[in-house]
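These protein sequence lines map, in sequence, to chains A and B.
With my numbering applied, the first sequence covers 722 to 965.
With my numbering applied, the second sequence covers 301 to 575.
Only true hints are included.
What the simulated footprint calls covered on chain B by chain A, stretch by stretch (three residues with Cβ under 8 Å from a Cβ of chain A suffice, anywhere in the stretch; the number is not a length):
#, segment
1, 339-345
2, 399-408
3, 535-543
4, 558-566
No lab work stands behind these hints, which were simulated from the structure alone.
Just so you know, these numbers come straight off a predicted model, no measurement behind them.
Where is the CB? At the ideal position from N, CA and C, for every residue including glycine.
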Amino acid sequence: MKYLMLLTALCCSVNLFAQYDGPEWKTPSKESQAYNEYRNKSTVPPYGLAKVKALVKSIPWADDETARMDNKTYLALSLREKFTYVMIHPEISSQNCDPIPPVQDEDKKIFGRLPDAFSEANWSERQINFLNSNRDSVMAIIRESVIRSKRMGVNYKNAIQEINGREMIPFLIDTYNTDKKDHDILSLLMLLMMKSEYTPFMTSQSYRKLYGPNADFRAYIDFNGANEELILKRATDFYSTIRK
Amino acid sequence: MSTLLKYLPVLLMLTGIHSVYAQADTSFVHIPAGEYMLGSKASILNPARKVRTAGYYMAATELTNAAFDKFVQATGYITEAEKRKNALVFEPGLEEFRWKEDSTAYWRYPNGVSHGGIEDKMNHPVTTISYRDAMAYCQWAHVRLPTLDEWEIASRAGASSLYSWGNNRDSIGRYANIWHGRNHLVADTSDGYMYTSPVASFRPNAWGLYDMYGNLFEFCEGRLPTDKKESRMVHARGGSWWCSKNSCNYFNSVDIGRVNPVASFSNQGFRVVKP
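Isolated chain B, as found in the complex:
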């Protein structure tokens, strides 16, 4: 029986069945030590290479509003968007890659006061926070952000393809909350969500990690070989609810985004790693 359990993920992967759904929040998945193939021969930002890890524990889901709320309650922390009034939010009707300034938006009102608060969305991932806010949470919770490589190892779940299930993008809708419209002029709720979805609403990858693609761009630690020495930009991965196959199709295991460390977008969040 124990042998069967040990090899269950492999068996499930071979049969195309993925782990059962679980409304997890802070549970962690152990990422085994070993060598992993990362990157792509086609990418200069993320070239094909072999990396080694000693193993780590990755949060099964993105950090939720409930978890961030505990941090704010305990520390009185004020986010960058609250201080700077610089949040960038989205509403249908905007041109591609266009975001709207909203001085009322911050994590409790991710797309601004006019779009409502998170009272009934405590199981959604926290968003409209900056990289610095994510770092502050990590310091308080004694966790850290994944490195770019750690994120990618976890997202691949043993695969070396563009997606954890292979190279066919058509399956993305089963695993990820993304934008399915041709553009962003009209609302898209075809997968049930226009903005964020509750964590673990879609299928997990073969290692039991949810929303590695879509829902929110996840902040990571690390720099790219192409980063300018003086650049303060930070990186995030996995795409988000805003990303479509036509615009920003970063919901995969190869592409890597970059963003200002004090910017607070409503498609930006994080998951954590335990040493």
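Bound-form chain A, shown alone:
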């Protein structure tokens, strides 16, 4: 009995020492926190905004933030109003594990995935259909809106990924180069290269690290000059191949 208790105590000790630690969580730096806020901000399109907001407010099922506008009202919106609606009001809930858990030194990383456009919701099928069916217009509106507001919100980047907006690569690079602050534009460039299975990217170390067999949804590469330059160069080369 004594030995059993001793063995049990030893086992418990081992368990305590074996507690899952990982790198200890520390409060992120001010720069990291500021970057987190920056990269999670959406862009609110100005097109028919007051009208769309009023219509969203009048949707029944007020206890569900993702409740949808009825079809008749939705179909009566102009293209630009629909764009605004899609960008500010996702119509379905997102999955339990969808959001990327908080990370440290966010400003020093280039992630494989974009942050969610909306933290607790996603676009519905009709909203995705709208984006894809009006792909050219959507890209033109995003371009216009980004030039006007001088930033590209997380919802815009997600929309570009959704429609595989690879024609926007030069614009994305120009936007990135304005202040080189938005590393998610680099992520978006990689996602576009992956979507098209661009061989130089698919055979790269970055691909293996971010999207390879052992990569998970939290994967990242370090943000540094070499990685930045490589992504921009690859994306430029990729764009030159798709124009032919």
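Dock chain B against chain A, hints included.
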């Protein structure tokens, strides 16, 4: 003999042998009173801490379709997915983290009418229900959802590692119905199941609790320190059949998910606690 029985779980744990299989449904496991180490130093959502419990009884399995059916038969209850037609289901071919709307889906047709009903799956866990549906069941059955801490104590079965068996993820396939494919573009039935498995199809943890990881995300009560004050989101734990090591690897004792209380996903369910 009685001493041997008393210490049997410890002996089995030390030898790496876990409890024998049992096709349990509503049986309950007593979680002993005491102090437990929860969370992880690496997590801000679930920081390392010591908690105390007075003990409680946790269902050995997730709640089954058979049990939920009894509730619906007795009360005529209509689930949120039936009322709102807002169920979110899965079929292979969808991009990562993408779910499909299906107005025909609810607990009797968890992935929509086109994927068939539960007639021969009454021993599977009930799914495509919302948090509110789970609460309605609990009220009727005089049980409750576990708190986030109670769920974690039970899932750890005395361990303080990421999984109840240690920190090595490679053993997950013996204990949990999860997704083993690299992505969700192609069906994965490598462990015998693409969607849910019958409860208790995989090994239990050292305390005799089945499917604490995988099969379904299980609704819990409680809020996280990082929850916004105005947020109505609720939490669920343990990952599900959809979760892979690459996407949503929440099939462990540390990670905590969150979901809209009226959303009905086909990887969402619950187990109950008795006072």
